[in-house]
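Trainee: The lines below spell out each chain.
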Amino acid sequence: MNNESYDDMVKKASPDSPLLKDCIRAFAVGGLICVIGQMLTNFALNYGLDERGAATFTSVTLIVAASLLTGMGLYSKIGKFAGAGSIVPITGFSNSVTSPAVEFKKEGYVLGLGSKIFIIAGPVILYGVLTSIIVGMVYYFAGR
Amino acid sequence: MEYLRAFAVGGLICVLGQILLDKTKLTSARILVLFVVIGCILGGLGWYDRLIDFAGAGAAVPLPGFGNLLARGVKEDIDTMGAMGILTGGLKAGAAGIAAAIVSAFFMAMVFRPKEK
Numbered sequence: 001m002n003n004e005s006y007d008d009m010v011k012k013a014s015p016d017s018p019l020l021k022d023c024i025r026a027f028a029v030g031g032l033i034c035v036i037g038q039m040l041t042n043f044a045l046n047y048g049l050d051e052r053g054a055a056t057f058t059s060v061t062l063i064v065a066a067s068l069l070t071g072m073g074l075y076s077k078i079g080k081f082a083g084a085g086s087i088v089p090i091t092g093f094s095n096s097v098t099s100p101a102v103e104f105k106k107e108g109y110v111l112g113l114g115s116k117i118f119i120i121a122g123p124v125i126l127y128g129v130l131t132s133i134i135v136g137m138v139y140y141f142a143g144r
Numbered sequence: 001m002e003y004l005r006a007f008a009v010g011g012l013i014c015v016l017g018q019i020l021l022d023k024t025k026l027t028s029a030r031i032l033v034l035f036v037v038i039g040c041i042l043g044g045l046g047w048y049d050r051l052i053d054f055a056g057a058g059a060a061v062p063l064p065g066f067g068n069l070l071a072r073g074v075k076e077d078i079d080t081m082g083a084m085g086i087l088t089g090g091l092k093a094g095a096a097g098i099a100a101a102i103v104s105a106f107f108m109a110m111v112f113r114p115k116e117k
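One line per chain: the protein sequences are A and B, in this order. For the first sequence, our numbering begins at 1 and goes up steadily by one. For the second sequence, our numbering begins at 1 and goes up steadily by one.
These are computed hints drawn from the structure, not numbers from a lab. Hints may be right or wrong, so weigh each one.
[Unchecked claim] No farther apart than 20 Å at their CA atoms in a straight line, the calculated lysine to aspartate or glutamate pairs in the EDC-like style are these:
| hint | chain 1 | residue 1 | chain 2 | residue 2 |
| --- | --- | --- | --- | --- |
| 1 | A | Lys77 | B | Glu76 |
| 2 | B | Lys92 | A | Glu51 |
| 3 | B | Lys25 | A | Glu4 |
| 4 | B | Lys92 | A | Glu107 |
| 5 | B | Lys25 | A | Asp7 |
| 6 | B | Lys23 | A | Asp7 |
| 7 | B | Lys115 | A | Glu51 |
| 8 | B | Lys115 | A | Asp7 |
| 9 | B | Lys115 | A | Asp50 |
| 10 | B | Lys23 | B | Asp49 |
| 11 | B | Lys23 | A | Glu103 |
| 12 | A | Lys80 | B | Asp22 |
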């Protein structure tokens with residue numbers, strides 16, 4: 001699956017429905033995922049994790065849950081309804097990793113699963129880290 | 001109130017993504033990249049943490065929250081170890097999320113078969 005076919009997948013998920021309807025759905029589902037995240041955070045805080053631990057617990061739980069839903073073929077159904085509401089939360093990142101992993105296992109463990117797993121995550125990690133290094137340089141030389 | 005703020009802010013960030021998806025030629029992959037980069041820049045400026053103070057998971061769970069995490073990690077590592085922190089901070093802060101995503105994906109690929117489209 002390349003970028004175009006991932007995009008096709010999403011396009012298919014939201015067939016030319018009007019912008020307002022798309023936005024309401026994205027708002028509702030994206031908001032709901034964040035509420036679940038807040039519940040997980042509060043749950044972890046109540047169990048004595050510090051703020052950082054709770055934040056990590058929250059993202060990891062959401063990531064694994066979205067990965068499982070992707071494997072079961074359910075996340076794409078949510079995506080059909082929610083559009084960006086299922087792409088923009090961290091669960092969408094997880095979906096973009098698991099989806100090609102499942103699809104390309106048949107092409108082998110190294111150049112199939114192993115490389116295609118990063119087809120979306122790779123650019124996200126690359127440009128994220130690149131930006132963080134620029135931020136770090138500014139902070140180191142000018143910001144402190 | 002806390003849940004309402006998380007819902008509203010998280011939902012709005014997703015609406016931004018939906019508008020980009022519908023009104024521009026940006027692919028969803030590019031939106032993922034763009035949101036992480038924007039979050040990282042806003043995090044570098046120290047603005048995104050204020051949004052998290054207000055909205056909690058509503059700001060932390062969407063992808064700009066991941067970018068913010070990278071920026072925060074870089075600053076912390078610079079504070080503790082100096083210039084080398086510029087290189088280490090980002091990936092270190094993102095490590096849990098990236099590791100969880102790829103390892104979980106691996107196991108799902110073991111268990112499940114691709115669904116017919």
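Trainee: Would you mind marking each hint as holding or not holding in the structure?
Mentor: Against the structure, the hints come out as follows:
For the hint linking Lys77/A to Glu76/B, the alpha-carbon distance of about 40 Å lies beyond 20 Å, and the restraint is violated. This hinted pair checks out: Lys92/B and Glu51/A have alpha carbons roughly 17 Å apart, not beyond 20 Å. For the given pair, Lys25/B sits about 11 Å from Glu4/A by alpha-carbon distance, which is consistent with the 20 Å threshold. Straight-line distance between C-alpha atoms of Lys92/B and Glu107/A comes to about 31 Å, which puts the hinted pair past the 20 Å bound.
Between Lys25/B and Asp7/A, the direct Cα distance comes to roughly 10 Å. Compliance with the 20 Å bound is thereby established for this hinted pair. Between Lys23/B and Asp7/A the alpha-carbon distance is near 14 Å, which keeps this suggested pair within the 20 Å criterion. Taking the CA atoms of Lys115/B and Glu51/A, the gap is near 38 Å; set against the 20 Å cutoff, the hint is violated. Taken as a hint, the Lys115/B and Asp7/A pair is honoured in the structure, with Cα atoms around 17 Å apart against an allowance of 20 Å.
Distance restraint check for Lys115/B and Asp50/A: the Cα-Cα separation of roughly 40 Å exceeds the 20 Å cut-off, and the hinted pair is therefore not satisfied. Proximity of Lys23/B to Asp49/B is assessed by CA-CA distance (about 29 Å); at most 20 Å being required, the pair is judged violated. For the hint linking Lys23/B to Glu103/A, the alpha-carbon distance of about 29 Å lies beyond 20 Å, and the restraint is violated. Straight-line distance between C-alpha atoms of Lys80/A and Asp22/B comes to about 14 Å, which keeps the hinted pair within the 20 Å bound.
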